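Asks: Letter by letter, the chains look like this.
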Amino acid sequence: MDKSCIVNSKSETLDWTSNSRSRISNLQCRIRPILNSGVILLILIASSGYFRVSAQDVRSHTRPAPSTAVDEKQALDLTLTLSQASVRPVQSWVRTAGKIDKAGKILTGYVYPPDANLIKTGQRVRAFPLESKSSMYQARVTRFVPQGSRVMVDVTLASLGREGSSNYIMEIVVDRGEFLSVPNEAIIEEGDKRVVYLQHHPGMYVPQEVHTGVQGELYTQVLHGLNEGDQIVTFGSFFIDSEYKLKSGAQPAAGNDHQHHH
Amino acid sequence: MSRSTLFIAACTLAAIVGGAAATVALPAAEVKVADPTSVVMIVNRDSNDISFMDIKTKKIVGRTFLGNNVNPHMVMMSPDGRYVVTGGTRANKAYIIDARTLELVKIIPTDIAPEHLAFSPDGRWYYQGNPEGDSISVIDMLSLTKIKTIPGLKEPLNVTFLPDGSKAYVGNYGAHWVGVIDVRRHELLKKIQIAGVPGVAKLDPDRYLAELHGINIAAPTNDGKYLYAADGDLGVVGVIDPREDKVVKVIRVGPDPWRIYMSHDGKYAITPNNGDETISIIDLNSQKVAATLEAGPNMTGVNFAAGKAFVISSTSGFVYVYNMQTLKPAGRIKIGTNIQLETATTDTADQKIYLAESTTHSVVIIDAKTETFEKVGNVGLFPWGTHIMDSKDNYCH
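Residue numbers (the working numbering), protein chains in the order written: chain A, 1 to 262; chain B, 1 to 397.
Be aware that a few hints might be false.
[As the list claims (entries may be wrong)] Cut-off 35 Å, straight-line C-alpha distance, at most; resulting in silico cross-link-like pairs (DSBU-like, lysine-lysine):
(1) 148/B to 73/A
(2) 154/B to 249/B
(3) 146/B to 73/A
(4) 328/B to 56/B
(5) 56/B to 32/B
(6) 106/B to 193/A
(7) 245/A to 193/A
(8) 375/B to 193/A
(9) 154/B to 73/A
(10) 267/B to 369/B
(11) 267/B to 392/B
(12) 58/B to 191/B
(13) 167/B to 191/B
(14) 392/B to 249/B
(15) 190/B to 146/B
(16) 225/B to 190/B
(17) 154/B to 245/A
(18) 193/A to 73/A
For the record, the hints were derived by calculation from the structure and aren't laboratory data.
Computed from a predicted model, the values in this text were never measured in an experiment.
Excised from the complex, chain B in its bound form (with noise of 0.2 Å):
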C-alpha cells in the first residue's frame, strides 16, 4: 500500500471517528410528538404551559412550560405540522414550541393581551390579535420573526383568512365593524360595517354603558364563498360577500350572539345567544335562521360530531345537544356541578370532543354518538382551551 492511500485511508478513519464523536457530542433532542395529529393540545392558563395528550392512549406525553405570568389563551399547530403557537395574554408575547420535540423554540413580542391567533393558509403568517392593544402582529414564520403591527383595530378577538390566503377579516368584539386585510400588505384595507347602529336615544342605557359587544370572527363558509359576523349588542349575523367586501344579507338572529360556528357539511350556522339563552340555525342556501332553540347559560361554544351539534353552556355544567338533521333538541350532557366549562376541539373523525374543563384541570372527552363522557384529570392548571391539527372546530373563547 502506498503512502497516499494509506493517507487517504487514515484521513476517512479519521473523518468517520470524527463524525461518529461529533454525533455523540450533540445528542438529537427527544421526539415527543411523532406525529402532529397524534396528539390534543391543551393550554393551561394558570400552570402556564401547553400539555400535549395522545388521543389513542389518553395519556399526557409532553408539557411546554413558557414562563411565570404567561398565562396563555390559544393554541394552535402551523398548518405544516411543524410549530405549536400561543399567546401569552399577561407577557404580552407569542410563544413558538417545536412540534416534535416540544421544546420552546422562540418568545416573540407582540402588543397587549395577545388571545387569539391564525395562521395564512399557506402557514407563513401567523396573525396574532392583540385586543387590549387593537392591533394584529404579524410574525413570518419562516424567520420566526415580528415583522409587522397591525393597528386600527377594536378589540380584536378572531382572525380568518380567505382560502386563497389574500385577504384576512378580523372581529372586532370593540366595535360593529369587521377588519378586512391585505395579507401581501399586511395593511387593514376596509371596515365592513355590519347592520346600522342605533342612536344613542335607542340604546337601553345600561347596554350603552356597559362593554360593546360587538364582532367575535367574520366566520367564512366551507366554499369561502361568504363570511357570515354575527354582531352581539345587534343581534344579527351579517353575510359578507368577500369578492366586494359588502354586506349582501342581514340575518336577525337572538340576543347578545356570541359568536358564529359553521357546521362540517357546509349546511347550517349556529350562534349561541346568551342574551335569551337560545340558539339561532342558519341555513346558509337560503340564508335564513332554520330554527331557534333553547339552550343554557353562558355559551362559549359550539362543536359538531356525529350529526349533531354541542353547545358548551359554560357556568351551567351542561353540554346541549341538537340534532343537525331534524334541527331539534335532543337531549343535554350533564358534565358536572358547580364547575367551568371552557372550550372544545373535535377529532378529525367527527367523533369525539375534547372539552377544557378548567375548575377540576381536566379534559372531557365526550363520545359524539353515545353522548357518554370521561374525563381526564390533571393536564395542567386551569385549562382553557383544546386544539387537534386539521380538526373543524378549533376555537377559542
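Isolated chain A (complex conformation) (with noise of 0.2 Å):
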C-alpha cells in the first residue's frame, strides 16, 4: 500500500514540491481503494451521499434554508390564512349515541376505549336529537359508571329534551388541558413526519418539522419545533409545500431534522 494514503490521525507527508505531482497523488489515493475494492464499492460510496456534498459551494451549505415566496396577489388568491402558535386550550369531543329516559332529561349512552377513560363528571355535551340535527341541547355528564372497558355515561340535558325523539347524538367536551398548539389545518403529515409552514418574515415560508401531542378536534398540541408567537399557515399551506417541493427539489431546510427535546 502506498504511504502517502494511509489515513490516521497523523498529517500524511505528502511530497507537495511539484503542484501537478501532489494532484496525482492526490487522485491516485482517492481512485486506487475504488478500483481495488471493485464496482460495488464504487456504488456504495455514489449512493453514500458523498458527492452530493461535495457538489456544493461553501455559501449554498452556509446559506439559511430556502424559503418560499408568496406575493399578495396569490396571497389573496389562496386566501393565504396565518395563524399564531399559542397556549390554548385544546378539546377533543368524543361522540357517542344516547337513549334519553321517560322523562325527557335524562341521556344514557356508551363510551369505548379509547375515549372511556376521558370521561368524567360535569363535562358539557352538546346533544343532538336524530329526528332534527340543527336542534342542539346543551347538558353536562352527570354520572359515569364503568362496565369492563366501557363506561356508562348519564347526561342530563339543561332542558326537556325535543318531543317524540329518543335518541341522541351526544358531543361529550373533554378539555384535554392547556398546550402551545396549532390549528389541526396548519399541519402536513408526510409519512411519520409532521409539517407546517412557518413564517420567516412576511411573504417568505419555510417548512418547519413539529413534533405533536395531544390531537384535539381543533387544535394540536406541538411538544417542540415551534415557539409561542411563530406565525404559521393554516390555509394555503398545500399550495406552499408544493411550491416548496418544486423549487427546492425537497431537500430538508436547515435545522429541521432535529430540535431541541424538553
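Fit the two chains together into the complex; they arrive one by one in their own frames, and the hints show the way.
Replies: Written as C-alpha cells, this is what we have:
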C-alpha cells in the first residue's frame, strides 16, 4: 500500500514540491482504493451522499434554508391565512349515541376505549336529536359507571328534550388541558413526519417539522418545533408546500432535522 | 443601657437579620464559567444552543438553550468578557447570554437572517450582519438594545473595525464592494469597489446566472494600516488604505477565493481558492502572492498555530497543513470519512485548534505541533463553529 495514502490521526507527509505531482498523487489516493475494491464499493460510495455534499459551494452550505415566497396577489387568491402558535385549551370531542329517559331529561349512552377513560362528571355535552340534527341541546355529564372496558354515561339536559325524539347524538367536550398548539389544518402529514409552514418574514415561508402531542378537535398540541407567537400558515399550506418542493427539490431545510427536546 | 441605645441595637440586629434573610431569599445565579478565557464556545445549529467546553478538562460545563427554530450561526464573547452573543438565523433575533451564569439575559429582534457579527474595539457596539435583510443591526451593549439598522448593504457577511473603532468595514458577498461605516453615526459612508467588474459579455454565463460570489470580509492587517478583501467572482484581493478608503493595489489570486485570513505574525495572508482547490499565500510586505499551493475542495477556514497554517476542506474530511516558514505543504490530517468539517478557533497559545465537525456532533481538537487530534463528542447537534475569547482565529463561515 502506498504510504502517502495511509489514513490516521497523524498528518500524511506527501511530497508536494510540484503542484501537478501532488494533484496526481491526490487523485491516485482517492481512486486506488475504489478501483481495488471493485464496482460494488463504487456504487456504495456514490449512493452514500458523498458526491452530493461535494457538489455544493461553501456559501450554499452556510446560507439559511431556502424559503418559499408568496406575493400579495397569490396570497389573496389562495386566501392565505396565518395563525399563531399559542398556548390555548385543547379539546377532544367524544361522540356517542344516547337514549333519553321517560322524563325527557337524562340521556344514557356508552363510551368505548380509547375514549372511555376521558369521561368525567361535569363535562359539557352537546346533544342532537336524530330527527332534528340542527337542534342542539346543552347538557352535562352527571354520572359515569365503568362497565369493563366501556363506560356508561348519564347526561342531563339543561332543558327538556325534543318531543318525540328518543335517540340523540351526544358530543362530550373533554378539556385536555392548555398546551402550545396550532390549528389542525396547519399540519401537513408526510409519512411519519408532521410539517408546518412558518412565516420567516412577511411573504416568505419555511417548512418546520413539529412533534405533536394531543390531537384535539380543532387544535393539536406541539411538543417541540415551534415557539409561542410563531406565525404559521393554516389555509394555503398545501400550495406553499408544493411550491417549496418544486423549487428546492424537496431537500430538508437546515435545522429541521433535530430540535431541542424538553 | 439607655432606651435609645437598646432601640438602636434592636434596629441594627433587625437590619442584620433582615439583610441575611434578603440574601437567602435572593440566591445568586450559579456561576458556571468563572474565567471567560477558560472555555471554548460552541454554536450548535440544530440543537439551538451554545455549549461551553472547559479548555483544560474538555468537558461541557454548561449549555444555553436559545429556543426552537433559532439556528444560531456564530458566537462571540464581548471584549470585556461579560456577555456571549449570537445571531439566530431563522429567528431573526440576537441573543445575549451572561458569560458567567450562562443565562439568556436578552433577546433582541434584528433584520432578516442574522449570521456573522463583530464588536467595536471598546465593546460598546455589537454589529450584527443580516445577509437576507441586506443590513446591519447596531446593538448598544450598555443598554442591550438595538439602536439602529444600517441599510444599503448586499448580503453582508462579515464586519471588521479599525483598531481605533472609528470605522467599520463590511464585506458584501452579494456585491463587489466593501461598505465603510462611520461608527460614530452608524451610517454607510462609502462603497469601495475592489476591482473593475467585467462586462456581461465577458462573464461565464453559468457564473453570471448563478449567485454572486462577492466579498466575504475586509480583514485588517495586524497594524491596522491596510485591509485586504478577496472577491470570489473576480479572483482578486483588493488592498484598501483606510486613511483614504481607496484600493491601493489589486492582487490576483486563484479562482473563487472564499475569503482572506491573516497570519498571527502579520507576515502573510491566505486565500483558500475553491475554484481550483488551491491556496494563495500573500506576502503582506511586498503585497504579492508568495506561493500558490494545492489544497482541497470546499475550504471553509484557515487557522494558524505552531508556525503552520491549517486549512479546513469541509467536505473531504481533511485539514491541509502548510509550513509558514518555508511556505510549502506539510501534509494533511485525515479527520474522517464522509463527514462535514465546519470552522475552527485556535487557542491563545497558538497550540491547539478546536474544529467543529457537524455530522458527528463533535469538536475535533488538533494539536498543532504533533498534528494529532482527539474528538469530543456530544457537544450539541450540528456544531457550526467555535470561539475562544482573545483568539486570533475567531471566524465563521
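Asks: None of the hints should be skipped; say for each whether it holds.
Replies: Verification of the supplied hints:
no. : hint           : verdict
1   : 148/B to 73/A  : 32 Å, holds
2   : 154/B to 249/B : 23 Å, holds
3   : 146/B to 73/A  : 33 Å, holds
4   : 328/B to 56/B  : 32 Å, holds
5   : 56/B to 32/B   : 15 Å, holds
6   : 106/B to 193/A : 33 Å, holds
7   : 245/A to 193/A : 15 Å, holds
8   : 375/B to 193/A : 32 Å, holds
9   : 154/B to 73/A  : 27 Å, holds
10  : 267/B to 369/B : 20 Å, holds
11  : 267/B to 392/B : 14 Å, holds
12  : 58/B to 191/B  : 44 Å, violated
13  : 167/B to 191/B : 13 Å, holds
14  : 392/B to 249/B : 25 Å, holds
15  : 190/B to 146/B : 23 Å, holds
16  : 225/B to 190/B : 18 Å, holds
17  : 154/B to 245/A : 27 Å, holds
18  : 193/A to 73/A  : 31 Å, holds
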